[in-house]
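*Asks:* Each chain, written out:
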Amino acid sequence: MEDMLFYDRMQFAFTITFHYLFPQLTMGLSLMIVYFKWKLLRTEIVKYNDAAKFWMKIFALNFAMGVVTGIPMEFQFGTNWAKFSELTGGIIGQTLAMEGMFSFFLESSFLGLFLFGEKLLGHKLHFLTGFLVFLGSWASGYLIIATHSWMQHPVGYEIIENGKFVLNNFGALFSNPWLLPSYLHNQAASLVTSSFVVAAIGAFYLLNNKHNEFGKIFVKTGVVFGLISSLLVAFPTGDLVAKNVVKYQPATFAAMEGIFETEKGGSEIVLIGQPNMLEKKLDNKIAVPNILSFLTYQDWNAEIKGLNEFDKSVHPTNVPGLYYSYHIMVGLGTIFIGLMLLAAVQLFRKKLYKTKWILWAIMFMLPFPYIANTTGWYTAELGRQPWLVFDLLRTTEGASPTVSSGNTLFTLLGFIGLYLLLGMLFLMLAGKIINKGPEPETH
Amino acid sequence: MELFWYIVLMTMLAVYVILDGYDFGAGIIHLFFAKKEKDKKAITNAIGPFWDANEVWLIASGGVLFFAFPTLYASSFSGFYLPLMMILWLLIFRAIGLELRGQIHNKMWEAIWDKAFGISSLLLALFFGVALGNVVRGVNLGNVVNGVSTQEAHYFFLPLWNPTFSPQAEQLGIIDWFTLLLGIIGVVTLTIHGANWIIFKTNSDINEKLKKVVFNLNFVLLGLVIISLFIWHIIDPEPFRNFIEKPWLIIFPIICFTGLFGLFKVKSFKKHGLGFLFSSLFLFGGLTSTVASIFPKVLPSTNNINPDLTLYNVAADEYGLSVGVYWFVIAAVLVTVYMVIQYKVFKGKMDDVGYGEH
Ligand code: HDD
Ligand code: HEM
Ligand code: HEM
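Taken in order, these protein sequences are the chains called A and B.
The opening residue of the first sequence carries number 31 in our numbering; numbering runs sequentially from there.
The opening residue of the second sequence carries number -8 in our numbering; numbering runs sequentially from there.
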């Protein structure tokens, strides 16, 4: 049984991690394309349309990857987590079905119009189709996070005799206190990804001295969006999600922060250190006293419960993984803010396009928002373990009873092979589009 | 309430089969009949702006199944684990075949993705027919061995095939000669359907040839349908019981045969959409007749120890199903609006849409 579950988990983790690499760009980039289109309508400068068109090519490719890797996600609840689906389907099926009906139809119907309809529609309507694609993708994010929030903090349910979860309050799914902070944080984070990507490609053009005109637009837009979104990710949204974790999953919070012992008179914030699970402490710790108490409760001396105070049965299953994921996310978030502040200052002084080292830094920063987003999700998911539905249903109770581990390993290997191919194709084709660059329309 | 959601789900699945069905059909036509670059272009243009939205009908049906009939979703998705995973992989190949082909202009690159698109469409058509066959044939619920359930009563697992390939063996497989027959019907039907769509939406040179293909395949289809009706009683001793007890259900087979016989006139149609209309009728009628014949069962049990899954014993609870109606009605109206807009903008012949050109 344990062993059977292992491949189910590996497969889910692998396929969802891969899937989410694409939607995070889709959601952020759709907003930025809408922005370029809006600039075009406002200023009638054709360059903005060319910029929008260039990003639409990347968007189309990225979207296709998001779609093909998203469909397995929808199926896997039933194929690999049948027991979980049977018990909770009446609730999480609700939000997932809504996602299909409200957002995927919206996105996919108007994506066709958006990508192929520019000539037929004219600029105003074309802007509108772009806006609807954006709306669809953000709605999709909302409903997915609503689903996920229910797993982290179940509300509006009742458990009936055969262990089934039954919905008794539809509204509660959407007024779940976990939902809004999580959604805003996630959307800000996806904007971080898209702004860093846009800025990085711009920096690449400027450093190569080609498509300079576009390079400048991309760097400028990317830095402005990047600064705003990096700040939003940390405050207020990151702060709010963290407060939810302390409130509803205190043991998870202690593990994330690496706090093993409760400290009288306020907890320190850990910057560096390795969890030592044998002695239940941090090795090589560098920490600043009292900061964590302040950040969490706005009180320098507030007490935060250490992990050792909780019963072992509710400890997150993978404490070091959780701790590192969280610290990588927060560490990267701090670096993002720092870099974007510097870049923004140079932009303001009109020196950014000549400050080579910042451009290099921006260019090399490209993969890191992806890492931050992924580790953020690992924080959330590892933090939820050993629960599938927090405090109510254990992960061991959720897997499909009849699917044997040999079959799951087979499909896991299949997905790994297929996704490696997809990943390579994506990089190759995106590289080709980027290398060719935007094509100014000749009027 | 269960009945409402059952009708919703079946309608959505039928819409899915009609819409994505023409994409699969177009893929098969592309594989076997499109030789010139111009014809290939015409075919991909005719489905390019639509296929993604069409596929969403599958995802949304999956969502509705999950939400309204969680036990059926759990039982069938885990039981049909392997074929579903293969369907997923094929859908991936179909999609990237279509989307990536135009990205690089190179004969070999294009040839590879053409084949990926065509072959995965063909196999998908086959698999969906096989899937329907599995549902009407039923499965060994509870994995009964020698008269004893080895699983909970509503769970099962099927391997891809068993050594005898027989739909009557104690240990069943996904593929046996009965389900395979339905799979072949699926391929023939969707080939006809796809050809009709291409005739409808393009001015391609192969249109005349496709009309002949439709006409000839229609004879094959008629033959296969008769054979399958004939052997139906092997699977189900009283295959027409439902139609005799509830005579109004006959409407579905009537729709089905109207479509089938209408298609024999394909050569003389002046309006190009007519052929597509008739093959849609056939698909709709065929699918609904099949599920009506086992109604209210949704997954019959082949052993007499565990009961059939019916739409009543797999549904979610009352409250959830009732609130769902509110959002569903709103969403359904919106989806209809999107579809009208989409098909209005891309109305008429689509040879020059420029799909996939970068
Ligand atoms: C660019 C990516 C990125 C960056 C820089 C940050 N985050 Fe984050 N974080 C995410 C991307 C992300 C995410 C991937 O989007 C998550 C996963 C679940 C969610 O809703 O957002 C997340 C989850 C997440 C969680 C877990 C919530 C849970 O258990 O469900 C906490 C506590 C924080 N974040 C807090 C922060 C703080 C205090 C940051 C300070 C800089 C921060 N994050 C930066
Ligand atoms: C896109 C970002 C996401 C990532 C990177 C992610 C990552 C992961 C990982 C790593 C696991 C395995 C945890 C473990 O077994 O230790 C997991 C499990 C799981 N996640 Fe997520 N997840 C994401 C979003 C979601 C969402 C939105 C949902 C719900 C709608 C969800 C539902 C699940 C379920 C059902 C499991 C399987 C059971 C389990 O092992 O807990 N995930 N995810
Ligand atoms: C376990 C969780 C998840 C499931 C079941 C899931 C399911 C899907 C499916 C089926 C699609 C294809 C839609 C189409 O055909 O247009 C898709 C795409 C998408 N998903 Fe996910 N997804 C999951 C996680 C996430 C997360 C965490 C997010 C972000 C918050 C997300 C956001 C999106 C978006 C924006 C798209 C649009 C297409 C694209 O990616 O380019 N998904 N998802």
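A couple of the hints might just be wrong.
When the alpha-carbon atoms are kept at most 25 angstroms apart in a straight line, the in silico SDA-like pairs for lysine to any residue are as follows [unchecked claim]:
1. A:87 - B:101
2. A:113 - B:141
3. B:98 - A:465
4. A:113 - B:217
5. A:149 - B:141
6. A:113 - B:74
7. B:98 - A:113
8. B:106 - A:113
9. B:106 - A:320
No wet-lab data here; the hints were simulated from the structure.
*Asks:* If a hint holds in the structure, say so; if it does not, say that too.
*Replies:* Each hint, compared with the structure:
This hinted pair checks out: residue 87 of chain A and residue 101 of chain B have alpha carbons roughly 19 angstroms apart, not beyond 25 angstroms. For the proposed pair residue 113 of chain A and residue 141 of chain B, the alpha carbon gap of about 16 angstroms is at most 25 angstroms, so the pair holds. Straight-line distance between C-alpha atoms of residue 98 of chain B and residue 465 of chain A comes to about 21 angstroms, which keeps the hinted pair within the 25 angstroms bound. For the hint linking residue 113 of chain A to residue 217 of chain B, the alpha-carbon distance of about 40 angstroms lies beyond 25 angstroms, and the restraint is violated.
The suggested pairing of residue 149 of chain A with residue 141 of chain B is violated, with an alpha-carbon distance near 61 angstroms, which exceeds 25 angstroms. A threshold of 25 angstroms between alpha carbons decides the hint, and for residue 113 of chain A with residue 74 of chain B the separation of about 19 angstroms falls inside it, so the pair holds. Between residue 98 of chain B and residue 113 of chain A the alpha-carbon distance is near 48 angstroms, which puts this suggested pair outside the 25 angstroms criterion. Of the pairs offered as hints, the one joining residue 106 of chain B and residue 113 of chain A is violated, with about 38 angstroms between alpha carbons and a cut-off of 25 angstroms exceeded.
For a cut-off of 25 angstroms, the pair hint linking residue 106 of chain B to residue 320 of chain A is broken: about 63 angstroms separates their Cα positions.
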